[in-house]
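Student: Here is how the chains run, residue by residue.
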Amino acid sequence: MAEIDSNSPPSSKNILVASGISLVVALIVLFSFILPAEFGKDPLGTGELFGLNVLGLEENPFEEQLIVHKTDSVEFILGPFESVEYKYLLDMDASMLFSWVADGELYYDMHAEPAGLGEEYAESFEQGNGDSRMGSFHAPFTGIHGWFWENRGSSTITLQLYSSGFYVNSTVFRDGGSYERELGAVTD
Amino acid sequence: MPRLMTASTKLLLLAVALFSLPAFGHTIEGGDASFVEAIDGPAIGPFIYLGAKHMVTGYDHLLFLLGVIFFLYRPKHVVQYVTLFAVGHSITLLLGVLANLQVNAYFIDAIIGLSIVYKAFENIDGFKRVFGFEPNTKVAVFVFGLFHGLGLATKLQEFDLSENGLVINIISFNIGVEIGQILALSAVFLILSVWRTSSSYLRHSFVTNTALMTGGFLLAGFQFSAYLFQPPF
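Order-wise, the sequence lines are chains A and B. Position 92 (the first sequence) corresponds to 92 in the numbering used here; numbering is contiguous. Position 54 (the second sequence) corresponds to 54 in the numbering used here; numbering is contiguous.
So here's chain B without its partners, still in its complex pose (with noise of 0.2 Å):
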C-alpha cells in the first residue's frame, strides 16, 4: 500500500510538473484582467481576491514552495522559511510597482523556474557534496523570495493601473498573495505529513526531487523560449 501512494504520489507530481503545459504562461487573465484595468480607486475586497487567486493557482510558486518544505518536519521552522520567502516577496512586489521598475516579466518567470531547480538541487544535497559547501539556505529562500515578489509585481505592472488608491491595492493583494499562500501551504504540508509517516518518503526523495528540478527546468525553459521568441507586453 505505502508503495501504491508513493507511485501515485510520484505521478501527481509528474503530471503537475509535465501536463500543465498549456497553462505555462502564468498571468492574470480574462475577466479578471479588464477588471483590473476597470478598476479606479481602493478595491481592496478584489485585490485580496486576486492575490490569493494567483498564488493557489500558480504552480511556479507552489513547487518553489513545496521544495522549501520538503525537509522541514516542524511547522515552526515552516513558518520561519515561508516568513522569510514572504518578507522577500512583499519587499520586491510593493517596491518594483510603486517605483515602476521595468523588468522583463519572461525574464523573472525564468528565473523562477530556475529558483525550483537550485532548492530541488540543494535538497538533494547537490551543494555539500557536489561542490562541498552549503549556501546558507535562509538566506537563498530570502533572495529567491525577492525575485518571486519582482515576478508578481510584472504581473501587476502589465495593466494600467489606476494611481488613485494603488497603494491600498498592491498592500490588498499582496496579503491576498499571503492567504494564497497559507491555504496552499496547508495543503502541500499536510500531503507531506501524511506520506512522511511512510519509510517511502525518504526513499524517494531523491527521485521525487529530480522531479521537481525537471519541473523547475521546464518552467524556465518555456519562459526563457518565451523571451526570445513573443514580444514583451
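So here's chain A without its partners, still in its complex pose (with noise of 0.2 Å):
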C-alpha cells in the first residue's frame, strides 16, 4: 500500500483499504497455509501445492502390528535385602499392558536398554516404593523393556506380575546371572 504523507492524517478512505487489506491478507493465509497445516481442511488445494497436508494429518490411534501378542504371568519370591530384574524384548512402538502386585513394599525401577548399546544406555521411566504399579507401556526403541525390584525390608516378599504385550521374549536377572523364557501367543 502507498506510504501515507505524515503531514497528513490518513483519511478514512485509505484507513478502510488499510483495515480491507489487512483483513484479506489474513484470510488468504488462513485458508492456503494455516487451515491445511493445521486443521487438516485444503479449501484450495494449497496444502496439496506446498505440501502442507502432511502437516494436517491427525495422529492415528490404530498402530499396526505384525505379530500375535502374548501374555505372560510370572512369581518372584524376594528375601530381605534380594533383588531381581525383569525385561521384556520389544520391538520399537510395540505396546504392552502390565500390573504387578507385592505383599509387602519393593523398591522399584521401571527402565529400557536399547538392543546391542548396553547398559550405559539405559533409560529410566519411574522409580519409587510401592507394592503395587498397574500400566501400559509404548518402546520408545527396540530394546529390553521392565523393571528392577529390590526388597528393602526385613521379611519375604512374595511379586506377582501379568502383563500381555506384542513382546518376543523375556529376561530374567538374578543372583549375578541370567536365563530367558520363551513366552507362548495368545493363540497358542
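Treat the hints with caution; some may be incorrect.
Stated by the list, open to error - With a Cα cut of at most 20 Å, we get these calculated EDC-like pairs of lysine to aspartate or glutamate:
hint : chain 1 : residue 1 : chain 2 : residue 2
1    : B       : Lys-138   : B       : Asp-125
2    : B       : Lys-76    : B       : Glu-158
3    : B       : Lys-53    : B       : Asp-32
4    : B       : Lys-53    : B       : Glu-134
5    : A       : Lys-13    : B       : Asp-125
6    : A       : Lys-13    : B       : Glu-134
Calculated directly from the structure, the hints in this document are not laboratory data. Note that the structure is a prediction, hence the values are computed from the model and not measured.
Bring the two chains, given one by one in their own frames, into a single complex with the hints.
Tutor: This is the structure we're talking about:
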C-alpha cells in the first residue's frame, strides 16, 4: 500500500482500504496455509500444492503390529535385600499392559536398555517404593524393557507380575546370572 | 540508517505476525502441563513462574499490549493503561477459575485476536475518521483485559487443578502474569522508545498498525478454525 504522508493524517478511505487489505491478507494466509497445515482442511488446494497436508493429518490411534500378542504371568520371591530384574524384548513402538502386585513394599525402577547398546544407554521411566503398579507401556526404542525390584525390608515378599503385549520373550536377571523365558502367543 | 531500521523492525513485526504460525495454539504444554496436574497443595514459586512464562511467550497478549502502548509516550500513561488491563484480567482470571466458568478456550482466544484488531484500528484513527466517534480508550483496554483474563482462566481450567491450595496457586499464577507482563512491556517499550527517536516512527505507524491488525485477524481466524474443526478440551 502507498506510503502515507506524515503531514496529513490518514483519510477514512485510506483506513478502510488498509483494514480491508489486512483482513484479506489474513484470510488468504488462513485459507491457503493454516487450514491445510493445522486442521487438515484444504479448500483451495494449496495444501496439496505446497505439501502442507501432511502436517494436518491427525495421529491415528490405531497402530498395526505384525505378530500375535503374548501374555505372561510370573512370580518372584524376594528375601530381605534380594533383588531381581525382569525385562521384555520389545520392538520400537510395540506396546504392553501390565500389573504387578506384591505382599509388601518393594523399591522399583522401570527402565529400558536399547538393543545392542548396553547398560550405559539405559533410560529410567519411573522409580519409587510401593506394593503395586499398573500401567501401559509403549516402547520408545527396540530393546529390553522392564523392572528392577529390590526388597529393602526385613521380611520375605512375594511379587506377581501379569502382562500382555507385543513382546518377543523375556529375560530374568538374578543372582549375577540371567536366563530367557519363552512366552506363548495368546492363540497357542 | 533510520530507514533501514524501520524496514527491519517492520519485518520483525511481520515475522512475529506471520511466521510463528505452528506455535499458534498458545497453551501450557508438555512437562509444565504434567507438573500442573500433579500438584496437590500450594506451589507459589512454580505457579508464579508458569504465569510469567505464559505472558512472556504469549504473543496474543504481547501484540495487544504493543498496540496499547504504541502511542503512549510517557511512562505514567503506560502504567495507567497497563494497570487497567491488569485489573481487568485479574478479575476474570480469579473469578473464572474459582467460579468454574466454562467458556470455550478457542472462542475466547478468537476474541483476544479481535482485541488486537480493535486496538490497531483505533491506532490508525479508524474510529475517529471512519465512524466519527472514538470509544473511550481506557474503558476498551479494561474490557479487553476482562477477556484476556478469561483466556488465562481457560488455560488453567484445562487441568484438573487440585482444590487444595487452589486460591493461593491462582493468585501466584496471576502475580506471575503481572511480572511477565512488566518484563515483556519493558522490552517492548524500550524498543519503541529507540524507534521513536527516528522520524520514521510516525511515518510508518500506519503500516505497522495495519500489520498488527493482520496479526490479530490471523490469530482470530486460527482460533475460530480451531473452534469449528477441533473438539473442545
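Student: Hint by hint, say whether it matches the structure.
Tutor: Each hint tested on the structure:
{"no.": "1", "hint": "Lys-138/B with Asp-125/B", "verdict": "holds, 15 Å"}
{"no.": "2", "hint": "Lys-76/B with Glu-158/B", "verdict": "violated, 36 Å"}
{"no.": "3", "hint": "Lys-53/B with Asp-32/B", "verdict": "holds, 10 Å"}
{"no.": "4", "hint": "Lys-53/B with Glu-134/B", "verdict": "violated, 34 Å"}
{"no.": "5", "hint": "Lys-13/A with Asp-125/B", "verdict": "holds, 12 Å"}
{"no.": "6", "hint": "Lys-13/A with Glu-134/B", "verdict": "holds, 17 Å"}
Hint check: violations occur at hints 2, 4; the rest are consistent with the structure.
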